[in-house]
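So the protein lines, in turn, are chains A and B.
Per the numbering used here, the very first residue in the first sequence carries number 1; after that it's consecutive.
Per the numbering used here, the very first residue in the second sequence carries number 1; after that it's consecutive.
There may be inaccurate statements among the hints.
[Said to hold, decoys possible] Lysine-lysine pairs mimicking DSS-like chemistry, simulated, CA-CA at most 30 Å apart:
hint, chain 1, residue 1, chain 2, residue 2
1, B, Lys-440, A, Lys-32
2, B, Lys-484, B, Lys-494
3, B, Lys-404, B, Lys-268
4, B, Lys-128, B, Lys-52
5, B, Lys-132, A, Lys-17
6, B, Lys-190, B, Lys-132
7, B, Lys-132, B, Lys-52
8, A, Lys-10, B, Lys-123
9, A, Lys-32, B, Lys-102
10, B, Lys-123, B, Lys-247
11, A, Lys-32, B, Lys-190
12, B, Lys-494, A, Lys-65
13, B, Lys-145, B, Lys-132
14, A, Lys-17, B, Lys-440
15, A, Lys-65, B, Lys-465
16, B, Lys-102, B, Lys-145
17, B, Lys-484, B, Lys-123
18, B, Lys-268, A, Lys-32
19, A, Lys-65, B, Lys-440
20, B, Lys-465, A, Lys-32
21, B, Lys-276, A, Lys-17
22, B, Lys-190, B, Lys-102
23, B, Lys-145, B, Lys-52
[Stated by the list, open to error] Looking from chain A toward chain B, a few residues come up when the C-beta cut is under 10 Å (computed):
hint, residue
24, Ile-7
25, Val-9
26, Ile-14
27, Lys-17
28, Asp-20
29, Ile-39
30, Ile-50
31, Phe-55
32, Phe-57
33, Asn-73
34, Ser-76
35, Leu-81
36, Ala-82
[To be verified] Stretches of chain A that chain B covers, calculated by requiring three or more beta carbons in the stretch to come under 8 Å of a beta carbon on chain B:
hint, segment
37, 31-37
38, 42-49
No lab work stands behind these hints: they were computed from the structure.
Don't be surprised by glycine CBs; every beta carbon is placed ideally from N, CA and C.
What follows is each chain in one-letter form.
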Amino acid sequence: MGMNDQIHVKVRSIVEKFLDKNHSSEISDTTKLITLGYIDSFSIVELISILETEFSFQFDPATLKLETFDSINSISEAVELATQTKFLKHA
Amino acid sequence: MPKRLDELILHSLSAFPNRTAVCGPDRTLTFSELNDSILKATYWLRSLEVGKGDRVGVCLERSAFSIVMFHAISRLGGVYVPLDNEGPSQLVCDVISDCTPKIVLCDTDKMLQLAGQISDKSKLITVKRDAKGNISWSEIESMSKPTDIRNEVDWNDPAYILYTSGSTGQPKGVCLSHGNAIAFIEWAAKLTNANEDDVFASHASFGFGISVYDIYVPLLSGSKLAIIPESIRNNGAAICTFITSHKINHWYSVPSALLLLIRSQEFKTLPSTQFKTIKYAGEPLPNRFANVLRTKFCNSRIFNFYGNTETNVCTYFEIKSELDPSDPPVPIGFPSCGNRVWIEEAGINGVNRQGELVVQGPTVMLGYWGDTFNTDRVYRTRDLVRETGDGCFLYICRVDNVVKIRGHRVEIGEVESHLMRHPDLRDVAVVCVGEIENRKLIAYVVPNDPQSLPTLVGLKEFLAKHLPPYKIISMVHFVQTLPKNINGKIDRKKLKSEAEAA
Numbered sequence: 001m002g003m004n005d006q007i008h009v010k011v012r013s014i015v016e017k018f019l020d021k022n023h024s025s026e027i028s029d030t031t032k033l034i035t036l037g038y039i040d041s042f043s044i045v046e047l048i049s050i051l052e053t054e055f056s057f058q059f060d061p062a063t064l065k066l067e068t069f070d071s072i073n074s075i076s077e078a079v080e081l082a083t084q085t086k087f088l089k090h091a
Numbered sequence: 001m002p003k004r005l006d007e008l009i010l011h012s013l014s015a016f017p018n019r020t021a022v023c024g025p026d027r028t029l030t031f032s033e034l035n036d037s038i039l040k041a042t043y044w045l046r047s048l049e050v051g052k053g054d055r056v057g058v059c060l061e062r063s064a065f066s067i068v069m070f071h072a073i074s075r076l077g078g079v080y081v082p083l084d085n086e087g088p089s090q091l092v093c094d095v096i097s098d099c100t101p102k103i104v105l106c107d108t109d110k111m112l113q114l115a116g117q118i119s120d121k122s123k124l125i126t127v128k129r130d131a132k133g134n135i136s137w138s139e140i141e142s143m144s145k146p147t148d149i150r151n152e153v154d155w156n157d158p159a160y161i162l163y164t165s166g167s168t169g170q171p172k173g174v175c176l177s178h179g180n181a182i183a184f185i186e187w188a189a190k191l192t193n194a195n196e197d198d199v200f201a202s203h204a205s206f207g208f209g210i211s212v213y214d215i216y217v218p219l220l221s222g223s224k225l226a227i228i229p230e231s232i233r234n235n236g237a238a239i240c241t242f243i244t245s246h247k248i249n250h251w252y253s254v255p256s257a258l259l260l261l262i263r264s265q266e267f268k269t270l271p272s273t274q275f276k277t278i279k280y281a282g283e284p285l286p287n288r289f290a291n292v293l294r295t296k297f298c299n300s301r302i303f304n305f306y307g308n309t310e311t312n313v314c315t316y317f318e319i320k321s322e323l324d325p326s327d328p329p330v331p332i333g334f335p336s337c338g339n340r341v342w343i344e345e346a347g348i349n350g351v352n353r354q355g356e357l358v359v360q361g362p363t364v365m366l367g368y369w370g371d372t373f374n375t376d377r378v379y380r381t382r383d384l385v386r387e388t389g390d391g392c393f394l395y396i397c398r399v400d401n402v403v404k405i406r407g408h409r410v411e412i413g414e415v416e417s418h419l420m421r422h423p424d425l426r427d428v429a430v431v432c433v434g435e436i437e438n439r440k441l442i443a444y445v446v447p448n449d450p451q452s453l454p455t456l457v458g459l460k461e462f463l464a465k466h467l468p469p470y471k472i473i474s475m476v477h478f479v480q481t482l483p484k485n486i487n488g489k490i491d492r493k494k495l496k497s498e499a500e501a502a
């Protein structure tokens, strides 16, 4: 499994845990989490801080956009981008 | 006191021309620069043929640019209509077809979304963005500085239209006059008692009545308005940092925004002297949170404002001491802005008179756009209240089926009427459960064919075509029939208790 797949799997499990249990099975990688009301715009900050803790990095607040957190795929991409430099250093 | 919204700047323009008036994500403007921009914008809008009585849609984020546009539209005697640039484009289209604006200002992305959905594309005026994604001022700045243009405006002429959800699923345009707004602004400015060193914050969306305070009250005292950028609007920690760095000392928002601050780690870094005034409106703030504010900001004046989009603030209550957390939230209080409020009684019950709250007075709307305006200016709030002996009003609940979710008014009927349009459903009922911070909409639906049920995600997607996220159901239960009460109406109490137990 590649690095990016690992990130994707981990993001998925974090998001599933974050949502109500009875919702996680129906969420696909592209399901619009904010637009469809799965995550409200107020609790998104919590999700961001969980992601930051789990992946031990910080999103750049200047580039944070609500759309970034609208699906598992877009979250994974953002995490990949943000952690890239860090993983490269370790490699 | 000025008689029209665009005159509210005049005092500060002559007294404090070089102090900052607005600090937005796009521009920071002194009073003198703000006035110059308004002059140019007025000229620009006139070149687009905006004239007296014309509606102008403003589908842009909260910015110095939007504020300049509101003033310029008022100078031309026009009526501005703030549109949610982040909401579904269908909603914007519904509003456009309801109020038939002369033009709609929007960015390129929105223009592309709307172009396919509205018949007269020439109405859409694109406002460009710069490399950083901020609104570009090039259109206005290319204007040479023109002379003052002002069209005649009467106290009773419409100044702006704010859209709220209707129970039919069609949005309703609440039409407010210059006089309506000024009656509120004058009252609020007196209560706020600000000076030229003070700083106000803009957190509420410009389509929400609260923003009328943010946009206009600071103008009367030479104070600054700092616009909280949309990117940090829901981030309590970032807002706290913004409050500190901009030295914001007057705050007005829905309670859920205050909760964002209170819950963040950075809240404790705010000094006890940060705020002169804190006001909230839109829904009750649980006492345990009101106490956090009361204890921390011991010298601030803290107010609960009450009103609807249709009335603006019609009663208010000052929280002067700590509250018992097990008591109901603080009263909505005493009449404001020269309004008269009374109870339309359902039954007299000793001193504890209880019934629907009715408001009459200078801040009550002209009427809904498209309806004939009433001259008596009476608004029935559909809120059930009780009057205590001393003329103070206590809010009890909605008379009918309207709830507040994260500060937004949600008419359950609107959500139901959209859900009913789903081809696989025969009957629907929606209930709202949970405390203020965790409120959810739960749907009970009767499917056409129990063998092929729609999925929750499918229903959510269906609703999201027309509705913003806070109006979208969180859960669905499939049932054979909906419980009915003795009158044959859906037994919502039963569904609600079922949903709460689940």
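So, going through the hints one by one against the coordinates:
1. B:Lys-440 with A:Lys-32: Holds, because 18 Å separates the two Cα atoms, which is no more than 30 Å.
2. B:Lys-484 with B:Lys-494: holds, 9 Å
3. B:Lys-404 with B:Lys-268: holds, 28 Å
4. B:Lys-128 with B:Lys-52: Since the Cα atoms of B:Lys-128 and B:Lys-52 sit roughly 26 Å apart, the hinted pair holds (cutoff 30 Å).
5. B:Lys-132 with A:Lys-17: violated, 35 Å
6. B:Lys-190 with B:Lys-132: Violated: B:Lys-190 and B:Lys-132 sit about 39 Å apart, past 30 Å.
7. B:Lys-132 with B:Lys-52: violated, 35 Å
8. A:Lys-10 with B:Lys-123: Status violated; Cα separation ~47 Å.
9. A:Lys-32 with B:Lys-102: Violated, at roughly 34 Å.
10. B:Lys-123 with B:Lys-247: Roughly 40 Å separates the two Cα atoms, so the pair is violated.
11. A:Lys-32 with B:Lys-190: violated, 46 Å
12. B:Lys-494 with A:Lys-65: violated, 41 Å
13. B:Lys-145 with B:Lys-132: With a Cα-Cα distance of about 27 Å, the restraint between B:Lys-145 and B:Lys-132 holds, given a limit of 30 Å.
14. A:Lys-17 with B:Lys-440: Holds. A:Lys-17 to B:Lys-440 sits at ~18 Å (cutoff 30 Å).
15. A:Lys-65 with B:Lys-465: holds, 21 Å
16. B:Lys-102 with B:Lys-145: With a Cα-Cα distance of about 24 Å, the restraint between B:Lys-102 and B:Lys-145 holds, given a limit of 30 Å.
17. B:Lys-484 with B:Lys-123: Violated, at roughly 48 Å.
18. B:Lys-268 with A:Lys-32: violated, 34 Å
19. A:Lys-65 with B:Lys-440: This hinted pair holds, its Cα atoms lying about 24 Å apart.
20. B:Lys-465 with A:Lys-32: holds, 12 Å
21. B:Lys-276 with A:Lys-17: violated, 41 Å
22. B:Lys-190 with B:Lys-102: This hinted pair is violated, its Cα atoms lying about 36 Å apart.
23. B:Lys-145 with B:Lys-52: holds, 22 Å
24. Ile-7: For A:Ile-7, the interface hint is violated, since the closest Cβ of chain B sits about 23 Å away, which is over 10 Å.
25. Val-9: Because about 21 Å separates A:Val-9 from the closest Cβ in chain B, which is outside the 10 Å limit, the hint is violated.
26. Ile-14: Since chain B brings no Cβ nearer than about 19 Å to A:Ile-14, farther than 10 Å, the hint is violated.
27. Lys-17: violated, 17 Å
28. Asp-20: holds, 8 Å
29. Ile-39: The hint holds - A:Ile-39 has a Cβ within 10 Å of chain B, the shortest such distance being about 9 Å.
30. Ile-50: violated, 14 Å
31. Phe-55: violated, 19 Å
32. Phe-57: For A:Phe-57, the interface hint is violated, since the closest Cβ of chain B sits about 17 Å away, which is over 10 Å.
33. Asn-73: violated, 15 Å
34. Ser-76: violated, 19 Å
35. Leu-81: For A:Leu-81, the interface hint is violated, since the closest Cβ of chain B sits about 17 Å away, which is over 10 Å.
36. Ala-82: violated, 16 Å
37. 31-37: Three-residue rule met by the segment 31-37 of chain A, so holds; n is 6.
38. 42-49: holds (count 3)
Hint check: violations occur at hints 5, 6, 7, 8, 9, 10, 11, 12, 17, 18, 21, 22, 24, 25, 26, 27, 30, 31, 32, 33, 34, 35 and 36; the rest are consistent with the structure.
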